[in-house]
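Trainee: These protein sequences, in sequence, are chains F and Z. Count along the first sequence starting at 1, add 15, and that's the number in the working numbering. Count along the second sequence starting at 1, add 552, and that's the number in the working numbering.
Because the hints were derived from the structure by calculation, they are not lab data. Built from N, CA and C at the ideal position, the CB exists for glycine as well. Any given hint could turn out to be false.
Label pairs and their in silico Cβ distance ranges [stated by the list, open to error]:
| id | chain 1 | residue 1 | chain 2 | residue 2 | range |
| --- | --- | --- | --- | --- | --- |
| 1 | Z | Ala628 | F | Arg294 | 20 to 30 Å |
| 2 | Z | Glu710 | F | Arg133 | 28 to 38 Å |
| 3 | Z | Thr586 | F | Glu164 | 23 to 33 Å |
Covered stretches of chain Z (chain F as the covering partner; in silico rule of three or more C-beta atoms under 8 Å from a C-beta of chain F) [what the hints assert, rightly or not]:
| id | stretch |
| --- | --- |
| 4 | 703-713 |
| 5 | 756-768 |
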Amino acid sequence: MTAADTLQPDTAHYGRFGGRFVPEALIAALDELEAAFHDAMADPAFRTRLEDLRRDYGGRPTKLYHAVGLSAHAGGAPGSTRAARIFLKREDLAHTGSHKLCNVLGQGLLTERMGKRRVIAETGAGQHGVATATIAALLGLECVVYMGEEDCRRQRLNVVRMQLMGAEVVPVTSGTRTLKDAINEAMRDWVTNVDTTHYLIGSVVGPHPFPRLVRDFVKVIGEEVRAEMLEREGRLPDAVVACVGGGSNAMGLFHPFIGDAGVRLVGVEAGGEGLDTDRHSATLTGGSEGILHGARSFVLQDDFGQVRPTHSVSAGLDYPGVGPEHAWLADTGRAEYVAATDSEALEGFRLLCELEGIIPALEPSHAVLPALRLARDLGADGIVVLNLSGRGDKDVDEVARLLEMGTPR
Amino acid sequence: MSTGAVEAAIRAANDDGRAALVVYLPAGYPDLATSRACLEAAAEAGADLLEVGFPYSDPLMDGPTIQAANQVALDAGLTPADDFAMCRDLTAAAGVPALVMTYYNLAWHYPGRGSGQPAPAPPEFPDGTEGLGRFAAAAVAAGLAGAILPDLPAEEGEPWTGVAAAAGLDTVFLAAPTSADVRLGAVADASTGFVYATSTLGVTGERQSLSALAAPLVARLRSLTTKPVCVGIGVTTGAHAAELAGFADGVIVGSAAVRAVTDGGPRALATLVGQLAEGCRAR
Chain F
16 MTAADTLQPD TAHYGRFGGR FVPEALIAAL DELEAAFHDA MADPAFRTRL EDLRRDYGGR
76 PTKLYHAVGL SAHAGGAPGS TRAARIFLKR EDLAHTGSHK LCNVLGQGLL TERMGKRRVI
136 AETGAGQHGV ATATIAALLG LECVVYMGEE DCRRQRLNVV RMQLMGAEVV PVTSGTRTLK
196 DAINEAMRDW VTNVDTTHYL IGSVVGPHPF PRLVRDFVKV IGEEVRAEML EREGRLPDAV
256 VACVGGGSNA MGLFHPFIGD AGVRLVGVEA GGEGLDTDRH SATLTGGSEG ILHGARSFVL
316 QDDFGQVRPT HSVSAGLDYP GVGPEHAWLA DTGRAEYVAA TDSEALEGFR LLCELEGIIP
376 ALEPSHAVLP ALRLARDLGA DGIVVLNLSG RGDKDVDEVA RLLEMGTPR
Chain Z
553 MSTGAVEAAI RAANDDGRAA LVVYLPAGYP DLATSRACLE AAAEAGADLL EVGFPYSDPL
613 MDGPTIQAAN QVALDAGLTP ADDFAMCRDL TAAAGVPALV MTYYNLAWHY PGRGSGQPAP
673 APPEFPDGTE GLGRFAAAAV AAGLAGAILP DLPAEEGEPW TGVAAAAGLD TVFLAAPTSA
733 DVRLGAVADA STGFVYATST LGVTGERQSL SALAAPLVAR LRSLTTKPVC VGIGVTTGAH
793 AAELAGFADG VIVGSAAVRA VTDGGPRALA TLVGQLAEGC RAR
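Whenever a hint applies, use it, and build me the whole structure from the sequences.
Mentor: Right, dumping it as structure tokens:
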């Protein structure tokens, strides 16, 4: 028997991906978390409390909206019904303005259950940081959020939101000063304070059990879509589409459909200034296998395995790794992954604003043009569901700045 | 098979009535030649083992001092191939065994080129892990005796441990105060050369005082293994070394050594190493 057999449950891997590549000091906390998770999910009182909070506090289930204007645009003209119908899963209408609350509600209650009084989190766009600060305020937990210095600048609104709810926001000045380095700092904090602190990781990344646990808390997104589609349309969608940074909103949407062979799962990564440049964050479409932040997955890295600086117009997707279950879905071909550039994301942002009266976050804006293409390919009878994972208030300043840059005076 | 050089160096120090002194410095800080001179100076001043850090972009086990030193080397464009080239010269001259300390992704990816040397032909490896074979081969070719990969816990040890053992390289795993006994046993079983007991919870860095967690951790390891146990993380002064020498087989110093290099280069480092070596005699 090898050490792997003795020490690690077999649920830690997705094919050859996943695992837990972290310093030994953290392993006990990962074991504790996994035990607490299994124990909690088997406890009806925990599940009831989680469901009550999701509904009454979080605003779930979120709406599934037939985007008439966007669907017509896919068909080539106002009023056109030549393309498939596009539905938006309105995670932007959930409390805190994104899908992130699903995960933090679950992990927040687990933190309480483990008797810990302090949570730490990393954040890129600030959406997960805001969600964590929210749950910390709700449950009376001390909260520290690590955020890259560059992201603090471009997502200032969210910094203020976190501070208003009593969280301490720590700007991270090491490395590339973005999400990757915020995760490194959070890991260092956790190694130091593991006895009292839960690391409330914000995506389906990191060492086991995080990818599985976060997925199980966010898969309510896809479960709601699946149930509502069957009820309203009597059938499943032909394709579900979501942006992928670490991949939590996409995994939440995809997971309940993995067994439905007729449903295409399409992830959209941040193509930045293009995959032919080195300024992008498209890990699955432009990266290679490696180990980052505790899991074997795909990574954007150089020939020697040094992790590369990434770029995206959207801070939430500006990350050189991706969840190991996405790597597995890509490797097995069950899900497809494409990239949308910064300018394509800005175009998607503009279309949702002008055709639907919805200001989306820049992250799901990446998925708009790929959804339009899918709708055209599928034709009139098709159904596409796009996960509108967050609202765009946080991005308004940055978008105004970017659009002005492109406007001749 | 292990050459046994790492364990032998620790045993020899113990037989001499002292704890072994292990000194860590990153390759390429402040530049490649100076880092080699510093490591040689450490060996001359009393280090029994050297740990050569290969700078990595995301060193999540390291505190600010080592992060900053690593960044200097990375900013200079140094690669693991350059680091191995430096180690080849170092191990030929230093007279004490040296281990590479880095993060797993660098071993995973080692391309075996960039140093002007052709890549050694790797044997068969599963799942695209042939980088591990090239890394182990390069380490052995550079005269290194072992590897420490702090983000590789025992259960993820394969396929690296098999590759390393076949190449003749020791692998040192970390034990932590939070590790249950079942884990400590597995860590000790998987380790060759020595077991690295982390004195406290936290990342590398200097500390005012030593954690009280080190002694009970070493005692627990003693009940599970006869392999040497060395203690690191936070060891800063000769007094710290003396405290640890009372119960550990070896004492590992990193951040304090880096700061000495920053403050005064090889001479300042030699002074610090002399004080630490003196502390190691307090058994």
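Trainee: Compare the structure with each hint and give your call.
Mentor: Checked hints:
| no. | hint | result |
| --- | --- | --- |
| 1 | Z:Ala628 - F:Arg294: 20 to 30 Å | holds (23 Å) |
| 2 | Z:Glu710 - F:Arg133: 28 to 38 Å | holds (35 Å) |
| 3 | Z:Thr586 - F:Glu164: 23 to 33 Å | holds (30 Å) |
| 4 | 703-713 | holds (count 8) |
| 5 | 756-768 | violated (count 0) |
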